[in-house]
Amino acid sequence: MTTTASSELTVSAQSLTRTYGAHRAVRDVSLELRRGEVLGLLGPNGAGKTTTMQMLTGNLAPTSGEVRICGIDLIDLPTQAKSRIGYLPEVPPLYRELKVDEYLRLAGRLHKLKKSALKPAVERAKNGCGLADMGKRLIGSLSKGYQQRVGIAQAIIHDPDVIILDEPTIGLDPNQIREIRALIRDLGRDHSVILSTHILPEVEAVCDRVQILHRGEVVFYDSIAGLKQFRGGQALQIGLRNPPPVAELAGAAADAEVDAINANLFRVRPRGGVDPTDTLVRAAVERNWGLYLLQPALASLEEVFVHLTQREDHQSEETSA
Amino acid sequence: MIWTIVTKEMRTLFASPLAWVVLAFLQIILAWIFLTRVDYFLTIQAQLSRVPNAPGLTEIVVVPMFGIASIVLLMSVPLLTMRLVAEERRNQTMAMLMSAPISMTQIALGKFLATLAFLAIVGSLIALMGLSLLLGGKLDLGLIAANLLGLLLLTGSFAAIGLFVSCLTTQPVVAAIGTLAAFLVLWLANIAASDPDSPLHLLSLLKHFENFMNGSIAVTDLIYFALLTATFLILSIRRLDADRLRA
Chain F
1 MTTTASSELT VSAQSLTRTY GAHRAVRDVS LELRRGEVLG LLGPNGAGKT
51 TTMQMLTGNL APTSGEVRIC GIDLIDLPTQ AKSRIGYLPE VPPLYRELKV
101 DEYLRLAGRL HKLKKSALKP AVERAKNGCG LADMGKRLIG SLSKGYQQRV
151 GIAQAIIHDP DVIILDEPTI GLDPNQIREI RALIRDLGRD HSVILSTHIL
201 PEVEAVCDRV QILHRGEVVF YDSIAGLKQF RGGQALQIGL RNPPPVAELA
251 GAAADAEVDA INANLFRVRP RGGVDPTDTL VRAAVERNWG LYLLQPALAS
301 LEEVFVHLTQ REDHQSEETS A
Chain L
1 MIWTIVTKEM RTLFASPLAW VVLAFLQIIL AWIFLTRVDY FLTIQAQLSR
51 VPNAPGLTEI VVVPMFGIAS IVLLMSVPLL TMRLVAEERR NQTMAMLMSA
101 PISMTQIALG KFLATLAFLA IVGSLIALMG LSLLLGGKLD LGLIAANLLG
151 LLLLTGSFAA IGLFVSCLTT QPVVAAIGTL AAFLVLWLAN IAASDPDSPL
201 HLLSLLKHFE NFMNGSIAVT DLIYFALLTA TFLILSIRRL DADRLRA
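The listed protein sequences derive, respectively, from chains F and L. Each residue of the first sequence is one higher than the last, beginning at 1 in our numbering. Each residue of the second sequence is one higher than the last, beginning at 1 in our numbering.
It should be emphasised that the hints constitute simulated quantities derived from the structure, not laboratory data. Heads up, some of the hints might be wrong.
Said to hold, decoys possible - Derived coverage of chain F by chain L (criterion: at least 3 residues anywhere in the stretch with Cβ under 8 angstroms from a Cβ of chain L; other residues may be distant): (1) 57-63; (2) 70-80; (3) 97-110.
Given the structure is predicted, the values throughout are model-derived calculations rather than measurements. Here a beta-carbon is modelled for each residue, glycine too, at the ideal position from N, C-alpha and C.
The task is simple: from the sequences and hints, build the whole structure.
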């Protein structure tokens, strides 16, 4: 991470806003990305992830704000800026009547690859996306997962500086998801990658930084470590077959804050930075509580949203007061 | 870059049965017209030889074919142009072109030229059918060239109008109906004008095309088709750019 600060800025978006009539799809979204970083855009459906990505790729004009790709303004010099972007939209832009090879060659030619560079680029993109044997197949006859891979191959064929992937793992089976995540991490080493998803673990598995959108606004922008901290810090989830009263449990855990999730499951938030794990385990064994589960209590995406939006409301109340 | 778009459009066009159906349909109709006109010419040939300045083989057989072709293309070009942008929008493939480092001008011109290339194939097939009469008779080649040029200019403006209407919608069928409506309005613009000097005659596609069919290539007609085509191409480019540029 120490090299990150010195590497070049590839994407810089300043206060992007997009309104549809009275509806504000995206409000005041700014982001910056350097080479070698993977940024996750996280949010529930309708949070403005796709709209943001469309603005970053020059498919949609922002109502206000500006986008620079490697320092080139996307609206003033669209063709120069776009040659540095690879984009996989939410629905892969596939011509179903073409074969995979034909399609990827078309994608390469659209991105001004030279004739001599075309063949190796197609091979590289196919190998990277696990499409090596699919070159002669019609895209329309491929399964959803393979079509998704063709979409990704199309986005990386010209070796762009910035790769923008809108929900790249949607519709894939677990094995394919693992492969695509590995591919994205690979790409993230010497490119900049922005990916959107509504799956929290995916962001934690792949990204360096995360930006959470909610109703078109950025509600969280931090590193992955910051997100993990935010999701629960050192809180624990403990499952007991013969649970004691909550107060006794709290006492055993160095006066931690304890919430009962249900009759057997409790969340333990330590106070004052003391890790209560050891004392809890010892107490559970000595007093025969029937310990069957002990794990870090990470908040789910929904809980994170509740938390973030509540915090927002709280802050706005404070400022208005 | 335009060439990339042209080849891509041609490939997707000929990958669908539509192009082949249009070509086959047109050939069947025109072959039928061709045969009946040749038959007609043979029956009146004896009388014609007695008339001074009588119409020749070209006027009786080839020119009517171009006339019929213009009507058939008026009805089939909307089917070809409806897909150009509307279908790409509906299939969400437009994003690939919009994110590629090519300008909207190149996209619009590429799509237009691909359609024009297809229509040129149609035109040359008609001309070839007429030229086959050279095997047994004499033809007015200048008249055939004027007809071919007229048909290309006419269908060129068809293609530009169709492209523009296709840019307006995400529904190919709506694009086809809208295009056909626009053609009919332009075709018959002068139908209500009883006064032969009415300015409505200037608007009518039919009037301008008729001059080519009679073998006269006038600058006004050339300018008319060039203006019509250029206007709708520019409108298409502006429409495509509207999504990208700030309103």
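Outcome of the hint check:
no.: 1; hint: 57-63; in the structure: holds (count 7)
no.: 2; hint: 70-80; in the structure: holds (count 4)
no.: 3; hint: 97-110; in the structure: holds (count 7)
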